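Could you put the whole structure together from the sequences, leaning on the hints where they help?
Below, each chain spelled out in residue letters.
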Amino acid sequence: MSAPMSNANTWTIAAAREALRKGEISAVDLTMACLTAIDAGDGLNAFVHKTPEIALEQARAADARLAAGDAPSMCGIPLGIKDLFCTKGVPSQAASNILRGFRPEYESTVTTRLFDAGAVMLGKLNMDEFAMGSSNETSTYGNAVSPWRRGNDTTALTPGGSSGGSAAAVAADLCLAATGTDTGGSIRQPAAFTGIVGIKPTYGRVSRWGIVAFASSLDQAGPMTKTVRDAAIFLQAMAGHDPKDSTSADLPVPDFEAALTGDIRGKKIGIPREYRLDGIPAEIDALWQRGIEMLRDAGAEIVDISLPHTKYALPAYYVIAPAEASSNLARYDGVRYGHRATLSAGEGIVDMYEKTRAEGFGKEVQRRVMIGTYVLSAGFYDAYYNRARKVRALIKRDFELAFAAGIDSILTPATPSAAFGLGEMASADPVEMYLNDVFTVTVNLAGLPGISVPVGLDAKGLPLGLQLIGRPWEEGDLLNHAYVLERAAGFVSKPAKWW
Amino acid sequence: MSIDIDTARKVAHLARIRVQEDDLPALARELSGILGFMEQLNEVDVTGIEPMVSVTPMRLARRADVVTDGNIQEQVLKNAPDAREGFFAVPKVVE
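Chains as they are written, first to last, in this note's numbering: chain A, 244 to 742; chain B, 1148 to 1242.
Don't read these hints as lab results, they were simulated from the structure.
Honestly, I wouldn't trust all of these hints.
Said to hold, decoys possible - Stretch by stretch, here's where chain A covers chain B in the computed footprint (C-beta under 8 Å, at least three residues):
#, region
1, 1169-1176
2, 1206-1219
3, 1228-1236
To be verified - Derived pair list, reagent style DSS-like, types lysine-lysine, alpha-carbon separation capped at 30 Å:
#, chain 1, residue 1, chain 2, residue 2
4, A, Lys293, B, Lys1225
5, B, Lys1157, A, Lys606
6, A, Lys331, B, Lys1225
7, A, Lys606, B, Lys1225
8, B, Lys1225, A, Lys487
9, B, Lys1239, B, Lys1225
10, A, Lys737, A, Lys293
Values in this document were obtained by computation on a predicted structure and should not be read as measured data.
A virtual CB, placed ideally from N, CA and C, is assigned to each residue, including glycine.
Structure (C-alpha cells):
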C-alpha cells in the first residue's frame, strides 16, 4: 500500500468510487486501509465479528470487475454490516446471547444486493440486542463506544442505538459506510449522535428478508454514511422490490444521486409546532432555528404546520413495537437454532423454553416481550393494541394532511439532546430512555422516509443533527433537501482520535 | 392499570420466560410503569377510526400455490442445538 493511500479509510463512497474507477487505488488496498483501521479501533467495540478473509476475496473480485470496466457504484466499497443482517456462514446474532453461534445458511436480500453490486463486507457491527435500545448498552457484546468525547473529558459516550456499532464505525472511519436498521429511530438517532448521515427509507422500499425481525410493521433498513451523496449511492444499491418480502413495494427505484440538484427553490418546508417540547435544551432549539434559516436562504418557503397527535406517538409505539416483538421473538425457543438451556432431571419442554429464553434474552428484551405479551393477551387486546393501532392511523393522517396541503418535507430536531455518557441512564426509568425516540418514532409509525443530517456541535463539542421527513416514496426529493442542508451547514468536524 | 405480582407471574409464563419469584415484585413495578405511560392513549378520541393494518395501502402479493423450495434438510438442521436422524430433538413431550 502506497503511503498517500493509507488514509483511504477516511474517504467517502463517492471519492472512493472515482479513485477506484481511475485506478488510483485498488479495492484490495482500500479494504486493507479499513482492516488496519478496524484493528486499531478495537477500543470502540464497533466490529464484533471481523471478516477479513471474506473482505479480501470480495475486494479481489471487485478489482477484477473494475479492470473489466464492469463497476457499479458500490463496486469495491468496504462496508460494515449490522449484526441484525443474516450473512451466510458468518455469525449473525442480533447482539443477543440467544443467537450465539448462529451462522445462517442464507444471505439477506440487502447484503445479497450489495455483494452483487461488488461491495466488500469488513465484518459485523455491534448494536442493541434485537435492535431494542437507544444507547447500544443492551448488547451481549458489551457497549459500543462513540469516537466522540466532550472536549478533554474522557467519559465514554454512547454512539446511540440501536445501530450504535454502525455509527461508531463510520464516524471513526473504520469503514466507508455501514448498514443500519430503524424501527423507532435506530438509524437516525445514532447518526445524529456521531455526526454522520443516516436515512430510514419509506416502509417497503428496502427488503426486510433475512434481517432479524423486531417489529415487522416498523422495521426498515437503510444506509449510514459520511455524506448525503453517499447515502443516495448506497440506498440505490439496497433498494428495490423483493418477492421474498411480502411488504416490499413493487415500485421502480429512481436515481437518487441524480436527484441531488441542490435546488430547493419554492419547496415548502413544514415546521411542526408540536415538536417544540418543554425541557428541550436551548441548543437544540437554536440548531433547529439555524436549519430553518439555511433552508429559507436556499429559497424554500418555511411553513408552520400542526401534527396534532405527535405526543401520542411514543406511547403508541411502545404498545405496537413490543406487541410485534413478542410475536416475532416467539421463534427463539431453543429448538431450531441458537442457545438451549441445560435441563435438570425431570424438567420438560416448557422448562426448556422458559429457561432458554431467561438465559438467552437480556433484561430489556425480556421486558419488551412481556409488555407485548400483556397488551396482546385476552381482555387487553382492544384496550391497548387496537387503541394504539387507531392512534397510529391518526398519526399517519396528520402527515397526510400536511403533505396534501403542499408540504414537501418537514424539518425537526433529530434527537432531544446530544450523546449521553455510557451508564448515565442506568438508574433511569425505562420510559426515560424511550424519550430518545420522541422525534423519530412518528416517522416509523407513518411509514415515511426520514433522514438525519449533522448540522453543528454543542457547547461541549458533540455533534447535533436535524431530521428531514419526506413524502412516501420521495427519497430523492428528501435527499436533495438534506443535501442543501448539509452544504449550508458545512459540518466537517471529526472526533479527535483517542482510540 | 397496574400489574400485581400474580399478573407479572402469569405474563412471564405466557411469554415463556422464567422469572424467579424474588424478581417478580420489581418486574411488576416496571411493567406497571410502562403501562402507566401508555395510559395517555386513552386521551385520544378514536371514534370511527379503524386500527391500522398496513402502513402502505397495498394488497399483499399472491403467488401460485406450488412448492418453491425444499430438499435442504441438512441446512435446516445445521444450527439446531440438538438434531438427530434428520429431526430436531426436544425433551419428551408426551408421557
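Evaluation of the provided hints:
1. 1169-1176: Our answer is that it is violated, as 1 residues pass the Cβ test (under 8 Å) against chain A, missing three.
2. 1206-1219: holds (count 4)
3. 1228-1236: With 3 residues closer than 8 Å to chain A, the region 1228-1236 of chain B meets the three-residue bar; holds.
4. A:Lys293 to B:Lys1225: The hint holds at about 22 Å.
5. B:Lys1157 to A:Lys606: Satisfied, since the Cα-Cα distance of roughly 18 Å is no more than 30 Å.
6. A:Lys331 to B:Lys1225: Answer holds: Lys331 of chain A to Lys1225 of chain B is near 12 Å, not above 30 Å.
7. A:Lys606 to B:Lys1225: 28 Å, holds
8. B:Lys1225 to A:Lys487: Judged against 30 Å, a Cα distance of about 22 Å means the pair holds.
9. B:Lys1239 to B:Lys1225: This hinted pair holds, its Cα atoms lying about 22 Å apart.
10. A:Lys737 to A:Lys293: Status holds; Cα separation ~24 Å.
The structure is inconsistent with hint 1 alone, although it conforms to all the rest.
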